[in-house]
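Participant: Spelled out from the first residue to the last, the chains are:
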Amino acid sequence: MADKNEFETIAIPYLDSVFREAVALCQDRKKAEDLAQATFLKAFERFESFEKGSNCKAWLLTILRNKWVDQLRHKNVVGEVLAIEEEMIAEPQRNGETGWSDCQDLLESFSDEQVIHALKELPYEQRLSLFLIDVEQLSQKDVAEIMDVAVGTVKSRTSRARAILKKTLLSYAKDMGFIRGER
Amino acid sequence: MSHLTDEQLEEVIRGGPLKAGLEHLEHCAECKGRLAEKEALAGRLRSAFATIKPGEGLTERIRQQLNVGPRPLEHAHTIGFFNIRSHRREWSAIAAAAAVLIIGIPLIFYLGKPSSAAAAQAALVKIHENNLSVKHEFYSENDPEKLAEYFKGKLGFSPSMPRPGRGLALRGCCVAHFRGEIVGSYVVDTPEGVMSIVVVTDQPESLGMGGKFERGDWIFWKSYFAKCEMVTVRLGDYSYCAVGEISHKYLTELLVRLLPESQP
Ligand SMILES: [Zn+2]
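First to last, the protein sequences are chains C and R. Using our numbering, you'd call the opening residue of the first sequence number 1 and step up by one each time. Using our numbering, you'd call the opening residue of the second sequence number 1001 and step up by one each time.
These are calculated hints, taken from the structure and not from any lab test. Please note: incorrect hints may appear among the correct ones.
Label pairs and their calculated CB-CB ranges [claimed, not checked]:
1) C/G177 <-> R/G1055: 28 to 38 Å
2) R/G1015 <-> C/S54: 18 to 28 Å
3) R/G1216 <-> C/D3: 27 to 37 Å
4) C/K52 <-> R/R1063: 43 to 53 Å
5) R/E1205 <-> C/R46: 22 to 32 Å
Just so you know, even glycine gets a beta-carbon here, dropped at the ideal spot from N, CA and C.
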């Protein structure tokens, strides 16, 4: 049996990061808390296999990501959800890229909730790559391990995710009258 | 001189080894601008999440569970017949939080929308929230035939409903007032969360649904209000509005299941 006190000392300090990742993946807060809780229980079960001194945050975020994918698989919808996402999110067009000259100001005019909402419109793989890189500031190598893909895949997903996020926020800005029409 | 690619700029943001890129940036205003924009987006995303914290009780709940070992956590989201009694406290809390959101957020979020459209969307969200609240009259039933009978008695027709299975389960239904009319709505448990389908006679445009898109031969309208996404499709004489804290992609997928195989 793993040492509970040692686990608490090493793992619990990352609760905020674990919860944030859960928020990025789940549709509501209640589910995010359940997922974070399930992640810590699973981590405790496996704590003996955790290599002391290695990156505990990345280890926990990997468990959370796997747990989330398992939940979708268990409900037999993962292929379906991901297929819908891939199908319905259009590829951003590089040549249609718009420069927002007052970018910083515009970004500040969104609420935190709107920014998170926009992130959640991305397909989950892009969403998670961008979240782990920008918010949790993990290395591309760590993100590749968490998502079980090559580093090159993380690079392309992050870059594509950022372009779509920008496009989504621009459409919000138009809807809300922060900017006018086509730019 | 070719400009830096998006992926090279990502490398620069990460402080990666890209000496040639840094030299290019010194002389190229365009790439410098693109880099600044990407950095600003990254920074804004980080600051948006900085306010996200778990509820105060979560650490304690985790600690307690480490003492007693695992128990099933997923029961709250089991697909199937919904036992409202055992979730009374959870749903009260959610309903209370939803009430705060309905009052607080729309004002800030939707200043740009015409007020009648905003009011229609607020009313749709309210119907959805009421469906989840124990305080409101709700016909709890997961048999589509019984729900159809209920609607027939109350509304004079029975709306299209998705077939249960593959993670979908009907939870029940109710009738509500919407723009002075009696309308029907029913609740579906899905793997992505709980959603209501509200069936109204109003045209999607008059509900302020902005984003129009096509899927197959059908046209859908999407919008969002407070924390809820909405997708609407016109079927026969009615607009079916799917409402929930669920991505519009998934709401669309659910609505597609209501549609007949034939063309609109
Ligand atoms: Zn350049």
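Participant: Take the hints in turn and mark each one as holding or not.
Facilitator: Hint by hint, here is what the structure shows:
no., hint, in the structure
1, C/G177 <-> R/G1055: 28 to 38 Å, "35 Å, holds"
2, R/G1015 <-> C/S54: 18 to 28 Å, "22 Å, holds"
3, R/G1216 <-> C/D3: 27 to 37 Å, "57 Å, violated"
4, C/K52 <-> R/R1063: 43 to 53 Å, "21 Å, violated"
5, R/E1205 <-> C/R46: 22 to 32 Å, "53 Å, violated"
Consistency with the previously given hints fails for numbers 3, 4, 5, ordered from lowest to highest.
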